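Asker: Below are the chains, spelled out letter by letter.
Protein chains: 2
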Amino acid sequence: MDLKSYLKEQSAKVDAALDRYLPKETELPHSVHKAMRYSIFAGGKRVRPILMLASCQAVGGDTERALPAACAMEMIHTYSLIHDDLPAMDDDDFRRGNPTSHKVFGEAVAILAGDALLTEAFKLTSDPRYANDCDATARLAVIHEIATCAGSYGMVGGQVVDMESEGKSDIDLPTVQYIHTHKTGALIKASVVAGALLGGADERALAAIARYGEAAGLAFQIADDILDIEGTTEEIGKDAGSDQARGKATYPAVIGLAAARDEARNMMDEAMRALEIFGAEADPLREIATYIVSRKS
Amino acid sequence: MDLKSYLKEQSAKVDAALDRYLPKETELPHSVHKAMRYSIFAGGKRVRPILMLASCQAVGGDTERALPAACAMEMIHTYSLIHDDLPAMDDDDFRRGNPTSHKVFGEAVAILAGDALLTEAFKLTSDPRYANDCDATARLAVIHEIATCAGSYGMVGGQVVDMESEGKSDIDLPTVQYIHTHKTGALIKASVVAGALLGGADERALAAIARYGEAAGLAFQIADDILDIEGTTEEIGKDAGSDQARGKATYPAVIGLAAARDEARNMMDEAMRALEIFGAEADPLREIATYIVSRKS
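Chains A and B supply the protein sequences, listed in that same order. Numbered according to this note's numbering, the first sequence spans residues 81 to 377. Numbered according to this note's numbering, the second sequence spans residues 81 to 377.
Rather than coming from a laboratory, the hints here were simulated on the basis of the structure. Check the hints yourself; a few may be wrong.
Which copy is meant is left open, because identical chains are indistinguishable; a pair holds if it fits in one copy or across any two.
[Claimed, not checked] Listed below are the simulated DSS-like cross-link pairs for lysine-lysine, each with C-alpha atoms no more than 25 Å apart in a straight line:
id: 1; residue 1: K248; residue 2: K183
id: 2; residue 1: K376; residue 2: K84
id: 3; residue 1: K84; residue 2: K104
id: 4; residue 1: K248; residue 2: K114
id: 5; residue 1: K328; residue 2: K125
id: 6; residue 1: K84; residue 2: K328
id: 7; residue 1: K328; residue 2: K93
id: 8; residue 1: K248; residue 2: K376
id: 9; residue 1: K114; residue 2: K328
id: 10; residue 1: K88; residue 2: K376
id: 11; residue 1: K376; residue 2: K104
id: 12; residue 1: K114; residue 2: K376
id: 13; residue 1: K84; residue 2: K114
Quantities reported herein were computed from a predicted structural model and do not represent experimental measurements.
Just chain A, same shape as in the assembly (with noise of 0.2 Å):
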């Protein structure tokens, strides 16, 4: 397969979607509607939808169906990003090299149209309109899944020792892996298990998959981590470096790099392991997880 024009292809399938879920802009309240759209549209690579949809299709599912959660993962994502960036949390003024929300909207709006993203992905997930025959109880599972991936058992948590462990200088490997897993493989976990969950998967399938999520979502943040030392301002979006210059649990800062690569690429090989019991459906969850460690952005 292609893997670029495959990308290509679902993340264009997830912008259309979202243009169509996302309140529009000529609606109350204006603002905090144009601010939700600002960010969803701010150049996202669309990985945890795309994951979604492809790990649907591994179980043998019709992608369709998990559509409107895939497009809720991208709500909460960007949520994440819009909080992440507020001046009291790292305070970021660009982001994929455009400006951050809270310095377009004020950090009021930016606040609130965070708030509004992490909750519409809850309303998308349980509208009755979007049910696409799935069964009742998968998408109770489907929304369970989400919020604790992204509560403070998961995202929230992640993101909360992150900014703990900020400059600090002795900050172990247990804490580094608490944080990865739980800021960034949470939800990469919780993207691709719904989409089992909503594609059908029985109870082999739903672990394999578990398991490729888990670790193709530390492999995801160890990736970003060796970006941000070798890729370019331009590349990555952002300034090269930051982490090291904020002083950032990182796993280069924590084993060195060389290790660091070695370990984002033995996630990679467990990540194909477990997709070992799938046939040629999981080949896009295969080729992802390829891409995840060899990304240049």
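Starting from the known structure of chain A, arrange chain B on it as the hints suggest.
Answerer: Here is chain B on its own, set in the frame of chain A:
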């Protein structure tokens, strides 16, 4: 019925359930779990959860079924207060006589504690352990109702317009109505509708409960506006007259105190009429409506 002991009993039940459902402070990450619990147990009257339980009872349902969703509603209400109090929003140092979340835990943790409470609400309402024999389709409908009323078309929308109207001298009645029905009314309506859904209400009962919720929600907020003027700082737990001082869009500011009082009374009457199809099971809802417009705090 004795409303005072009913409210005491119900709020104790809600408090105990919140304590069971919320992450423990001993669980990682401690700071955010501590902040979540701090604001949840900061003296809230549990109006929304009690309304949900009362509405479940009014349609003949077992109130135990509505307990998880009732607690979820309190989590959403509490997250909205934490975020509203932030320096970028209302910049309040005190809430119900206690220092606000960001004063105790710092802005970053306060933002994340709010995010985590909102997410936890959806985790709880979709948790298979708390299904309580409720039909999965009804549970999805509850999640959808809550998310719709909490998001940009509901509470967040009301907060945005409220903020954007602050200090403007030309606010008209439709704008104040929009703010009130969205900022406060939406969650109150969602509470009673969710209670009715979980109690197994038929279409007619559901429509009556929704009408009750809309009228009672508006009455609640107008009563709040009036309290801000007439209550003492000690009674209301925040600076009396603070709405006026800020140029907040309120009913008394737009139509005068006497007309605002009439309107609160009209809304209460409308709420009562909506309940005419119910018997004594709806007495708690009736008593609460009366209490809403006569309360002193």
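Asker: All hints are to be evaluated individually against the structure, with a verdict given for each.
Answerer: Right, here's what the structure says about each hint:
Taking the shortest alpha-carbon separations for K248 and K183, only the inter-copy value of 23 Å comes in at or below 25 Å, while the best intra-copy value is 28 Å. Only within a single protomer do K376 and K84 lie at most 25 Å apart by alpha-carbon distance; the minimum there is 13 Å, versus 64 Å between protomers. For the identical chains of this complex, K84 and K104 are neighbours neither inside a copy (30 Å) nor across copies (45 Å), given an alpha-carbon limit of 25 Å. Only between protomers do K248 and K114 lie at most 25 Å apart by alpha-carbon distance; the minimum there is 22 Å, versus 38 Å within a single protomer.
Taking identical chains as interchangeable, the C-alpha atoms of K328 and K125 lie at most 25 Å apart only when both belong to the same chain, with a minimum of 23 Å there against 41 Å between chains. Taking identical chains as interchangeable, the C-alpha atoms of K84 and K328 are never at most 25 Å apart, the minima being 32 Å within one chain and 53 Å between chains. With identical chains, the CA atoms of K328 and K93 are never at most 25 Å apart, being 35 Å at best within one copy and 43 Å at best between copies. For the homomeric pair K248 and K376, neither the shortest alpha-carbon distance inside one copy (28 Å) nor that between copies (49 Å) is at most 25 Å.
Proximity of K114 to K328 under the C-alpha cut-off of 25 Å is restricted to the inter-copy arrangement: shortest distance 24 Å between copies versus 32 Å within a copy. In this assembly of identical chains, the alpha carbons of K88 and K376 lie at most 25 Å apart only when taken from the same copy (16 Å versus 60 Å across copies). Proximity of K376 to K104 under the C-alpha cut-off of 25 Å is found in neither arrangement, the shortest distances being 34 Å within a copy and 41 Å between copies. Taking the shortest alpha-carbon separations for K114 and K376, neither the intra-copy value of 30 Å nor the inter-copy value of 39 Å comes in at or below 25 Å.
Taking the shortest alpha-carbon separations for K84 and K114, neither the intra-copy value of 30 Å nor the inter-copy value of 45 Å comes in at or below 25 Å.
Violation of the numbered hints given earlier is confined to hints 3, 6, 7, 8, 11, 12 and 13; the remaining hints are satisfied by the structure.
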